[in-house]
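Based on these hints, arrange chain C on the given structure of chain R.
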Amino acid sequence: MSCIVFELFCRVPAAELRLRLCRWHVDRCVRCRRASESEDTLPPILVAAARLPAGLDLWPGVQRGIDGLSRPAVSPATVSLPARGSWRWAYAAALAALLVIGAWIMILDWPSRPLVQSAQFTVQAQTRLFSAKIADRQARVFQIQSRNPDRAIFWIAKDDPRS
Amino acid sequence: MSMEENDWIEKVRRGDPAAYEHLVGKYQSRLVAFLWNLLGSGDDARDAAQDAFVQAYVRLGQFDRTRGFQNWLFAIAYNRGIDMLRRRRRFRIFLQSQAVRGEPAAAAASGRIEESPIWHSALRRVTPQERSVLALKYNEGWGAAEIASALGCSESTVRVHLLNARKKLRKELQAAGFTAGMKQAPAGEVP
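Protein sequence lines, in the order shown, are assigned to chains R and C. With our numbering applied, the first sequence covers 1 to 163. With our numbering applied, the second sequence covers 1 to 191.
Chain R on its own, in the form it takes in the complex (with noise of 0.2 Å):
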C-alpha cells in the first residue's frame, strides 16, 4: 500500500501536475517506493505469454512484411543511423546544398551568355538518369540541367524508407 500522501497526490485535478507531484513524492518516500517494488498485489487479470493459445506463428506475416519491404536488414559495416529527427535536418541540408550548387552553377554561366539567350533557352537534356541504387537500395535521382545544354548535374541521394 502506498502512503496517504500519494492518495492525496493522486486526488490532484490537473493530470500533469499529479504525474509530477507523484513523481515527485515516490522519489523520496521510502514505503512508496517499497510499495511499487513488491510483487504480492496484483490482482490475476494479465494476459501472459504462457496462456496464449499453442500455435501461434507470426513468422509467416513478419516474412511477408520484410519481402514487401524489398530491402535487406543493414549490413554490419553500417554506422547507427541518426535518429528520426537527425533525418530531416539531413534533407533539408541537402536542399540547402542542393539550391547552393543551382546558385552557383548559374552565377558561373552568367557571364557567359547574355539575357536575350537566356530567354530563348531550352533545355536540351540529351542525357537521362532514371533510377540509382545506394547500397542496394533505390536512391533518389535529382537532374540539375545548366544553362549550357551540354553540361548536366545529377544529385542520388538516399531514400528514407520512413519519409
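Just so you know, these hints were derived from the structure itself, not from any lab. Computed from a predicted model, the values in this text were never measured in an experiment. Glycine included, every Cβ here is placed at the ideal spot set by N, Cα and C. Please note: incorrect hints may appear among the correct ones.
27 Å max Cα-Cα, derived BS3-like pairs, lysine-lysine [to be verified]: (1) Lys-158(R) / Lys-11(C); (2) Lys-11(C) / Lys-26(C); (3) Lys-133(R) / Lys-158(R); (4) Lys-11(C) / Lys-133(R).
Chain C side only, calculated, beta carbon under 8 Å to chain R, not exhaustive [stated by the list, open to error]: (5) Gln-28; (6) Arg-46; (7) Asn-71; (8) Ser-149; (9) Leu-162; (10) Leu-163; (11) Leu-169.
Quick look at chain C alone, frame taken from chain R:
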C-alpha cells in the same frame, strides 16, 4: 544479451532474413501477450506484434547492443501499440461497447478471466501506460529501470504508474468480489 542471441542478430545484419525467424520464434509469445495487455484485443496484439517485428528488422542497424535486444524490441512494440491506440481508438470503443454483465465469479472460474466483463471493467480504469508497466513487471519480471528504458520514461514515472494501476485494479476487483493480494493467475488458455 546472450552470445547465442548476439550471433543470430549478427546473422540477420549480414543479410540473412531466415535467421530472423529464430528471433521471432523466441519473442513472439511474450510480445503478443504484452501487446494484448496494452491493446485489450488479441487480434490487434498479433497485428501490432507482427508490425513490431518488421520494424525491428528494418531498424536493426540502429540497435544498440548495450541496451539488450528484448528491451529494444519491446520498446518498438510499445510505440507501435500506442500508435495503434491513438490512431484507431478502437480499444476505447470496444470497451465502451462491453457492458458489465453476467456472473464474474463464473467467468473467473473458467480460467478465461480475459474474456470476462470484469477484466474489461478493471482495465478500463487503467491507462495504456499503466497496463504496459504491469505487463512488463509481472509477466516479464523487469525492474523499474528496464521498464523505464522500454517505455521511454523515468523510473519514478514507472513507479507511479505501478502504484496507480494496482490501486485502481484492487478497488475494481474488490468491488466485483475478488480478493486482493492474489498472485498472477496460473496457466489457462486464451482463445
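Evaluated hints:
{"no.": "1", "hint": "Lys-158(R) / Lys-11(C)", "result": "24 Å, holds"}
{"no.": "2", "hint": "Lys-11(C) / Lys-26(C)", "result": "16 Å, holds"}
{"no.": "3", "hint": "Lys-133(R) / Lys-158(R)", "result": "8 Å, holds"}
{"no.": "4", "hint": "Lys-11(C) / Lys-133(R)", "result": "23 Å, holds"}
{"no.": "5", "hint": "Gln-28", "result": "5 Å, holds"}
{"no.": "6", "hint": "Arg-46", "result": "7 Å, holds"}
{"no.": "7", "hint": "Asn-71", "result": "16 Å, violated"}
{"no.": "8", "hint": "Ser-149", "result": "16 Å, violated"}
{"no.": "9", "hint": "Leu-162", "result": "5 Å, holds"}
{"no.": "10", "hint": "Leu-163", "result": "5 Å, holds"}
{"no.": "11", "hint": "Leu-169", "result": "5 Å, holds"}
Violated hints for the displayed structure, listed by number in ascending order: 7 and 8.
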